Amino acid sequence: MAVRPTAGPVPVSVAAGPEAWASSQELRARPELEVATSPRHATVLVVAGPLPDGDREALDRTHDQLPHPRASVAWDPGTAVGEVVAAVVAADAELRRRPGEASEPDRLPDVDPNPWRGQGPHGQGGEGMMGGTPYGRAMAMTDEDRDGLALDALTVTLGPFLDPLPGGLRLEATLQGDVLTAAALRHPGLAIPAAGGAAAARRGLQWLAHALHVHGLGGHAARAAALAAELGRGADGATRASVEASLARLCRRLGRTGLWWTLAGQGELEGQGDARRRWEEALDGIAAHLSGQRAGRGADPGGGGGGAGRETGRVDPVDPVDPVDLEALGAALVGRTLDEAVVTITSLGLGTLRPVPAAREARR
Amino acid sequence: MTAARQLHPVPAVALVGAVLGIGSYLVAVTRAGVTARVAGQRLGLAAITVAPLRRARRLLGQQVTTTERPDSATWVLAPAAYAGLAALALSVVPLGPGTAVADVDTGIVVFGAAEVLAVVAFYLHGWSPNSPLALAAGYRHVAAALSYALLSMFVLIAAALPAQSLGIGAIVDSQAGLWNVLRQPLGLPLLLVVALGVTASGPLDLLDGTDLAGGGGAEDSGVQRLAWEGARAVMLVAFAAGAAAVFLGGWHGPLLPGWAWMALKTAAVAGLLVVVQVQGARVSAERFVAVSWTVLLPLAFLDLLAAGVVAL
Amino acid sequence: MSSGAAADVAFVAFALVAVAAGYRVFRTDSMVRATFLLLASFLAVGAILVLLAAEYLGTALLFMMTVEMVVMALFMVMFMMNPAGLNPMAMVHQPRLAAGAGVAAGVALAGVAVVADFPDAPVAGSAGAVAALGAELLGPSMLVFESAGITLLATMVCAVVLSASRGRYGPTHDGSVAPPLDPGGDHRPTDDLVEPGGGGHGHHGSHS
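Protein sequence lines correspond, in order, to chains A, B and C.
Everything in the first sequence is counted per this note's numbering, starting at 1 for the first residue and increasing by one.
Everything in the second sequence is counted per this note's numbering, starting at 365 for the first residue and increasing by one.
Everything in the third sequence is counted per this note's numbering, starting at 677 for the first residue and increasing by one.
Isolated chain A (complex conformation) (with noise of 0.2 Å):
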């Protein structure tokens, strides 16, 4: 086990391209680490994976919206996470001993991206009560509701690193209050590599990890990520007999957080029931993994957890057929809450359970 570092873990903001982003969960399993749920609460940044070329910007600006004193410290593919838990405490204590000096400037320049324009004595600008556009931006106009009602719309676009979404993609979203009237799903595209068995059982346990920290089980989503860190330790039969009634157990607690209740019911989509069935599915589908393995040794242990699971019968999502249609998913998240829409969004596993199509040309 590591040294724990004298301050305490250190809190960390990950940006992950699409990669490498499953992979980043096993961070939440480290307790030299607390994975911070908002850029502005860390003091390291840590970027894993090649990103896409236009999550630069993104990528600047989520390293501004770090506190003075801050690092970053990239994760390449292929290292280990020992060397980049290690690295990201050595620059926190670097951090600690010169605060000032070593804290990394800002990239991007800080700058009004909308200068003020105002002209009244009250800082309003133009004429009539609309206050014409003080800083640059428009007034806010009011949009149908439903019911009759009309309310101020606002578009905004979430990600590609927001933490309760997958790594690499976008929601652009029109909100009015915290309702979508129109959401747009945007994603550079991801294949899952088609191995089974260990391999998938590990992409399902950094899923659980990742959507136990969403509904806020943080505590179960780290003992989640330690169970795909000891899969990664190694796949042979006793660690996935362990895993797996490790695993068995976790569900077990899950029960008695009440989070079937809250899953039951939420995220419908066509054909697919709602979150809860598509969580007991992908939890059945993980642990049909880690058994099915066990029960073909001598197989060859690259394709041959796939076989099992389908020699079941039983549709199994983190082997997946169709991947997401990211259109109709934007489609049937009108009329949802925001937090519904991660919800279901994070009930689908994309990018961990199922691969992601590359994104066409955008229409507009």
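No lab work stands behind these hints, which were simulated from the structure alone.
One thing to keep in mind: the hints can contain errors.
What the hints assert, rightly or not - Rough simulated footprint, nothing fancy, chain B against chain A, three-plus residues with beta-carbon under 8 Å:
#, segment
1, 47-57
2, 61-68
3, 210-216
4, 222-231
5, 331-339
What the hints assert, rightly or not - Listed below are several chain C residues computed to face chain B (Cβ distance under 10 Å; list not exhaustive):
#, residue
6, Leu715
7, Glu731
8, Met740
9, Val836
10, Leu838
Stated by the list, open to error - Partner residues aside, some chain B positions facing chain C, computed with beta carbon under 10 Å:
#, residue
11, Thr413
12, Thr470
13, Ala478
14, Val506
None of the values given here were measured: they were computed from a predicted structure.
Idealized CB from N, CA, C, for every residue including glycine.
Please arrange chains B and C on chain A, whose structure you already have, making use of the hints.
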């Protein structure tokens, strides 16, 4: 009936400050311990007791970031008002026989008012940073707050009926023979649901929820964040003390002095709340409002009806 | 604990806070600040009620006004076309007429307070105030309070029903459109309140 001794202002402030300070530290330690246990991490007692202090030191050294055109005055006011309301709620709770900062005749109403005024702090916490996720989180928590505020009113008034007085000291005195938790079994569970909402934690952590990337606290950093999280712990202590006084017989108990019993009971309620906080999955605001109005509120009516029938 | 002089000082302090906060409501440009300054004014009045030995009324005023002001802030930010309520915008209409009327009313009321002959009957502590209030509520004023209470409860339940995702006409993600006026006809359009050709000026006549 024990006459409540009104404390001089200076020792009163010191007493409230000490209780809230020590209590919030113990709450933080307990939460660290329970989280480590749930996560399966082996942490020694030394590590757990020092963890909140290290966290506080780290936050003190962090820069307070700002967003584009927040309302700075209300952003700073929110945790200050929240902590002040917790102090107000604690000041009407008798901490020992005849020891209360201000055991007024309408103590239970003041206690309820402090909890309702906290809604203002929640709203300002969500609105001030001028950030869409913070605003959405603040609004959904206010929607839940308006639902649990009603619950608390009925439950607290039902507890006041056997005492025939709205003062918390009188309510404690009326439990000399039988505690309210036995006399009104529905009351304490409902009040604990309210406590989770008032401290915005556990299943009702809608205000700083991880599904909205930290919600109202997403834009907080440094001292601002420390102040808000400290205020939440302080409110937990104050509410637990109130629940212990109103339902668990306050300072009544054999052998030990009154303040020791009060401390034990407050610690028990606070500990239970911390365990539920760490182990409770978040409920959506929509679901909570539905359950609150269709199930919990009728139960609160029943509780009040039963208490009224017994009192007559 | 409260001597006469301390109570007088407290009264003057709370009165000044109430008037100053009320004045600031109309001089600030932020909708949410205006709302909470009004709340501060109400809180000061509640404190004065407590000083007048009407403890229950004062505390009840505190928490009623709090929730009312929070709900007002919610609705102002939702419906008043001001991004999150943080853009400064002119918050007053007909300022000169309103200022004149306010000053005149203030002078008249102050005149009443100075000239009128108020009774001098100090209440001995607040013992019995709650009991007297209870006797009044359940005696001569029972009809008023019971009917008001039922009306308020019905209003709250209706508000919760309207805000649920089931909506008034059906689930939100199915469109939640009003049923047709004639059976078999088209769904009644919802743009009888909002001008069609969206993105326009909406309806901005409903400043309250």
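Hints, one by one, checked against the model:
Given as covered by chain B, the segment 47-57 of chain A fails the check, having 0 residues with a CB less than 8 Å from a CB of that chain where 3 are the minimum. With 3 residues having a beta carbon nearer than 8 Å to a beta carbon of chain B, the segment 61-68 of chain A meets the requirement of three or more and the stated coverage holds. With a cut-off of 8 Å between beta carbons, the segment 210-216 of chain A has 4 residues touching chain B; three or more are needed, and the interface restraint holds. For the segment 222-231 of chain A, the assignment as covered by chain B holds, since 3 residues bring a beta-carbon within under 8 Å of that chain's beta-carbons and 3 suffice.
Counting residues of the segment 331-339 of chain A whose beta carbon lies closer than 8 Å to any beta carbon of chain B gives 3, which reaches the threshold of three, so the coverage claim holds. A hinted interface residue such as C/Leu715 counts as satisfied when its beta carbon comes closer than 10 Å to some beta carbon of chain B; here the least separation is about 7 Å, so the hint holds. For C/Glu731, the interface hint holds, the least distance from its beta-carbon to any beta-carbon of chain B being 5 Å, beneath 10 Å. Hint on C/Met740 holds. Least Cβ distance to chain B is approximately 9 Å, under the 10 Å limit.
Against a cut-off of 10 Å between C-beta atoms, the interface hint on C/Val836 holds, since the closest Cβ of chain B lies about 6 Å away. A cut of 10 Å between beta carbons decides the hint on C/Leu838: the least distance to chain B is about 12 Å, and the hint is violated. The beta carbon of B/Thr413 comes no nearer than 38 Å to any beta carbon in chain C, farther than 10 Å, and the hint placing it at the interface is violated. The restraint placing B/Thr470 at the interface with chain C holds, with a minimum CB-CB distance near 5 Å, inside the 10 Å limit.
The interface hint given for B/Ala478 is met, as the beta carbon of that residue sits about 9 Å from the closest beta carbon of chain C, less than 10 Å. With 10 Å as the threshold, the beta carbon of B/Val506 comes within range of chain C, its nearest partner Cβ sitting at about 6 Å, so the hint holds.
Hint violations for this structure: numbers 1, 10, 11, all remaining hints satisfied.
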